[in-house]
Amino acid sequence: METAAYTKQFVIFRLENEEYGIDILRVKEIKEMMRITRVPKAAQFVCGVINLRGEVIPVINLRKKFNLSESEINSNTRIIIVSVDDITVGLIVDTSSEVLDISSEAIEDAPDGIGSVDQGYIYGIGKVGERIIILLDIVKIITNSAV
Amino acid sequence: MDMNQYLEIFIEESQEHLQGLNQSLLGLETNPKDMKILNEIFRVAHTLKGMAGTMGYNGVMNLTHQMENVLDAIRNGKVEVNTSIVDILFECLDYLENSVNVIANTGQEGNGNADALIASLNGILLKKPQDETKVSEALESSSIDTLKLNQYDENIVRKAVQQGMSAYKARVMLADGCMLKSARAFIVFQTVERYGEIFKSVPKVEDIEDEKFGNEFTIAIITKEPEALIKKELESISEIVEVKFEKIEVTAETEVSTVNDKQISDNKKAAAPVTDDKDNSDDSQGKKARMGKTVRVDIDRLDNLMNLVSELIIIKTRLEGVGADSKNQDMTEAVEYLERITTSLHDAVMKVRMVPIERVFNRFPRMVRDLSKDLSKDITLNMSGEETELDRTVIDEIGDPLIHLIRNAIDHGIEEKEERIRNNKSANGTVNLRAYQDGNSVVIEVEDDGKGIDVEKVKKKAIERGIISQKDANELDEKNAVELLFKPGFSTADKISDLSGRGVGLDVVKTKIESLNGIVEVENTKGKGSKFIIRLPLTLAIIQALLVTLGDEKYAIPLNVIRDINTIDASTIRNVHGQDVVLNRNSVLPIVRLGRMLDVDNVKSDESEELTAVVVKKGDKNAAFIVDNLIGQQEIVIKTLGKFLSGIKYIAGATILGDGQVALIVDTNSLI
Chain A
982 METAAYTKQF VIFRLENEEY GIDILRVKEI KEMMRITRVP KAAQFVCGVI NLRGEVIPVI
1042 NLRKKFNLSE SEINSNTRII IVSVDDITVG LIVDTSSEVL DISSEAIEDA PDGIGSVDQG
1102 YIYGIGKVGE RIIILLDIVK IITNSAV
Chain B
1114 MDMNQYLEIF IEESQEHLQG LNQSLLGLET NPKDMKILNE IFRVAHTLKG MAGTMGYNGV
1174 MNLTHQMENV LDAIRNGKVE VNTSIVDILF ECLDYLENSV NVIANTGQEG NGNADALIAS
1234 LNGILLKKPQ DETKVSEALE SSSIDTLKLN QYDENIVRKA VQQGMSAYKA RVMLADGCML
1294 KSARAFIVFQ TVERYGEIFK SVPKVEDIED EKFGNEFTIA IITKEPEALI KKELESISEI
1354 VEVKFEKIEV TAETEVSTVN DKQISDNKKA AAPVTDDKDN SDDSQGKKAR MGKTVRVDID
1414 RLDNLMNLVS ELIIIKTRLE GVGADSKNQD MTEAVEYLER ITTSLHDAVM KVRMVPIERV
1474 FNRFPRMVRD LSKDLSKDIT LNMSGEETEL DRTVIDEIGD PLIHLIRNAI DHGIEEKEER
1534 IRNNKSANGT VNLRAYQDGN SVVIEVEDDG KGIDVEKVKK KAIERGIISQ KDANELDEKN
1594 AVELLFKPGF STADKISDLS GRGVGLDVVK TKIESLNGIV EVENTKGKGS KFIIRLPLTL
1654 AIIQALLVTL GDEKYAIPLN VIRDINTIDA STIRNVHGQD VVLNRNSVLP IVRLGRMLDV
1714 DNVKSDESEE LTAVVVKKGD KNAAFIVDNL IGQQEIVIKT LGKFLSGIKY IAGATILGDG
1774 QVALIVDTNS LI
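Protein chains in written order, with my numbering: chain A, 982 to 1128; chain B, 1114 to 1785.
Isolated chain A, as found in the complex (with noise of 0.2 Å):
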């Protein structure tokens, strides 16, 4: 990376004890939990689909997505709409609260074995002080999940 740094911008999401970022150009808006109806023969981490202003927009828990255990839905569970191409679809997390400016210096790529997701799926690891945030390529993560 000889180009000159430049700074993106991040949703910063948790998931059980690590932070995670998605690029803000994909985000199009973060929700409080809301009414989900399953969604039979989907894949497992395929809660179901919301009611999105008439729109009907799947979601999917990222828990279930990386392996990790199951939580509690509380008031701090929120979700995060994303949109690819034209695939919306809505990301269970624990929490979301703040947006990252991220230089690309303190960007690195990501090392093997990094907790349980799929290495493919991260697109960086993002140094924020002492803070240490898995960046994650939310296209990948998408299209490889589209039925």
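Please keep in mind that the hints were generated in silico from the structure rather than gathered at the bench.
Incorrect hints may have been included.
To be verified - In silico BS3-like pairs for lysine-lysine, Cα to Cα no more than 30 Å straight-line:
{"no.": "1", "chain 1": "B", "residue 1": "K1641", "chain 2": "B", "residue 2": "K1592"}
{"no.": "2", "chain 1": "B", "residue 1": "K1717", "chain 2": "A", "residue 2": "K1022"}
{"no.": "3", "chain 1": "B", "residue 1": "K1625", "chain 2": "A", "residue 2": "K1022"}
Keep in mind the model is a prediction, meaning the values are calculated, not measured.
Please arrange chain B on chain A, whose structure you already have, making use of the hints.
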């Protein structure tokens, strides 16, 4: 200038023109002397040339230009229409269609090479050497009289005079040493066309473009403007020395006197019924009037409008609930009024989206013509109900399945000529394509009078392909055996032809139709022919549905697939070959426990003694779907589950209920 904004218009209009060209060419083939058809073809070629030229698509322009030359020669009686000419024109059409498609996809003209076509078009012209000599004669002579009017031109003049216009010959003289003669001539043409129309020139336009003329040329003009004005305008162009005008007078006598040549009298014969039938100019005026009343709208905007109407219907349904709860008279009345308006609005928007099926049918005569030539079978295609309207989205999807069925009918259905004669049938095979509306659905039938489907052969093939076992095959009745045709990987063609028999066949048709919520059925009479019947819903966006509960979940079942609703005593259910069935109206009804199929938790109907059964039909098969409770009938708006969940089993889509909750629509076809 940014051409992109015109690109879409160019593509749309070109496609429309090409469609028209296709029809006209078919007409020309059966009726080669019909001047009206010829003029129509000429007009289309000319328009295309103009449009392509403006957009800078030179390949299309060059080809249409050469087509024009040939058509002009035909029109002037220099060349006679024969099959090879029509074939070449069809090839040109194919090339043009292809070019327009490439342009539509890439915005650029492809690298396709029209040289061969242009050469064959040239070949047609060269077969008539006197054509060449005429041109050279025209080159040498310089009198204004060189411009001789033929029957066709005189007709134009006569029409023009009837409409209060006048016709002139104008002899334009360029300055000696004029450098860019064709450019000057072009300016002259442009200037004249501001005031009127040029219908003939000497030398021919293409020769002028190629600078194959001396220092002058003559054009014939029809215009409403006074000649002095045009003369003045023309003479103001630099390097134009002089313009001489001469009024063209055409009288009834000239019409008679020119009839001295066989070709012309032929033209007259052809022209006569046309004028009786419908006056040419009237026709074009009628067309214009109709065009003035239409607006071209992007389908996305219509979809958006449809979405908004859908939202309105959802909120209306919600208001109905509120109204019923509040027991307020005013509220109820207002909601009823709202209901009427939304229903009309929905109908109106639906109508806007409706397109006559003609759009799809249009391409079939040509296809059948080509196929029957390729296979050397004589086949007549009868079409009816082209005006039947279907939702635009269905129209876009239905083309391929129909092509498949028609190809099948021609390739597999209709026998070779000799075989037909042996079987006391007329040598000429017939394919009937019918469309009509039947209640809330549209039916399309593809019927052939061929040999029909050989059920035994179908069974044999299915066993060979491992689709069914010998034992199952023996038990199959004819109806079910025919259904085997729709199984993936099935093809009965003895020889694999270019047309069909590649193993991708009817299963694709079936899948497509079912994805449109339609069904396909076959009626088969051995030796007499077969009939494929496609039944499609009128609209895809809003349907009546029955809402049911399963455990804590709500599902919608489209009303059009429901035969009736019954209660079944759990004790009457029998198990036959591992399948739960119940006797209903003297027939055996398979039971589908919807809750289990859809993995619903806490299904109540599993334990109860009295079961609620929704009897659902699929073609002529029925099945009883066991549900927990019925909520009621409701108008629902179908939403797709999106690309992400597109392959999901048993679910056809989703809808949003009045309370904002999402309910899934059961795909009953996949469950039977």
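Verification of the hints:
1. B:K1641 <-> B:K1592: 16 Å, holds
2. B:K1717 <-> A:K1022: With Cα atoms ~20 Å apart, B:K1717 and A:K1022 stay inside 30 Å; holds.
3. B:K1625 <-> A:K1022: 22 Å, holds
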